[in-house]
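Student: So the chains spell out like this:
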Amino acid sequence: AQKITQTQPGMFVQEKEAVTLDCTYDTSDPSYGLFWYKQPSSGEMIFLIYQGSYDQQNATEGRYSLNFQKARKSANLVISASQLGDSAMYFCAMREEGSKSTFGDGTTLTVKP
Amino acid sequence: GAVVSQHPSWVICKSGTSVKIECRSLDFQATTMFWYRQFPKQSLMLMATSNEGSKATYEQGVEKDKFLINHASLTLSTLTVTSAHPEDSSFYICSAILEGRDNQPQHFGDGTRLSIL
Numbered sequence: 001a002q003k004i005t006q007t008q009p010g011m012f013v014q015e016k017e018a019v020t021l022d023c024t025y026d027t028s029d030p031s032y033g034l035f036w037y038k039q040p041s042s043g044e045m046i047f048l049i050y051q052g053s054y055d056q057q058n059a060t061e062g063r064y065s066l067n068f069q070k071a072r073k074s075a076n077l078v079i080s081a082s083q084l085g086d087s088a089m090y091f092c093a094m095r096e097e098g099s100k101s102t103f104g105d106g107t108t109l110t111v112k113p
Numbered sequence: 001g002a003v004v005s006q007h008p009s010w011v012i013c014k015s016g017t018s019v020k021i022e023c024r025s026l027d028f029q030a031t032t033m034f035w036y037r038q039f040p041k042q043s044l045m046l047m048a049t050s051n052e053g054s055k056a057t058y059e060q061g062v063e064k065d066k067f068l069i070n071h072a073s074l075t076l077s078t079l080t081v082t083s084a085h086p087e088d089s090s091f092y093i094c095s096a097i098l099e100g101r102d103n104q105p106q107h108f109g110d111g112t113r114l115s116i117l
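Protein sequence lines correspond, in order, to chains A and B. If you're matching positions, the first sequence starts at 1 in our numbering and goes up one per residue. If you're matching positions, the second sequence starts at 1 in our numbering and goes up one per residue.
Mixed in with the good hints there might be a few duds.
For the chain B half of the interface with chain A, some residues (derived, Cβ under 7 Å), not all of them [to be verified]:
#1 Ser54
#2 Tyr58
#3 Asp88
#4 Pro105
#5 Gly111
#6 Ser115
#7 Ile116
A few chain B positions that, by computed beta-carbon distances, are all more than 12 Å from chain A [what the hints assert, rightly or not]:
#8 Glu52
#9 Lys66
#10 Thr80
#11 Ser89
If you're looking for bench data, these hints aren't it; they were derived computationally from the structure. Cβ atoms here follow ideal geometry from the backbone N, Cα and C, with glycine treated the same way.
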C-alpha cells in the first residue's frame, strides 16, 4: 500500500506568489517523521523541512512551512514568495521509528516569471 | 552540517563493463547507507540498505549479483554495477542518516548518472 501520496504531478505558480504542495501519508506507528526534499534538475536532493509526529506546532524554515494536520494525515508544504529558483521536483517522505524512509512520487513545480 | 560525497558524477561506458560508485560520509560515521535508483521524473526507488561490516539488505526485485554493495568502513559504501547493460542506465544516488537520529533528514550524495552504450 502506498504510504506517501503526492497527488499533484505538476504545479505552476507565478513568481512571488505562494504555493501549496500536497502530501498525505498512511501509518499506524505513533512515532514518525515527515520530510520534504527539493530536487533541482541537477539531481541533488536538498532537505527543506521536517515535522515530527509529536510536534505541536507546524514546522517553518524561512519561506517553507509545513501544514501538518495529523488527524487528516496530511503534511502539505507551503512555499511563500516563490522564486524562479524554486522550480524543481519536490518529494515528501516519511520515516517511521527505526525504519527506512518512504518517498512520494514527487511534484514538479514550475515558477513562472 | 553532515555531508555525503558521491563519485563519480557521470559515467559513460560500453556494455559489459562493470562500474563502481563510491559514497562517502565526510564528517560523520554512517553504519547504514542507502542506495537508490531514479528514472527521469520518477521517485527514488530504494535498491538496498548498506550495513557496515555485514551484508547489504536488498529490496525485492533487485538482483544481488548485479548490484554489488560493499560497506567496508564506517565512512564508505560502494555500489558496483556488474556487466552493465543499457537497461542499467539510470541515476543512482546514495544517502546516509545519523544513527539514532530519527528526526534527522537523510543526507544525500549528489548522485551518479550512468549511461551504458
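Student: Among all the numbered hints in the text so far, which are the ones the structure does not match?
Tutor: 1, 2, 3, 6, 7
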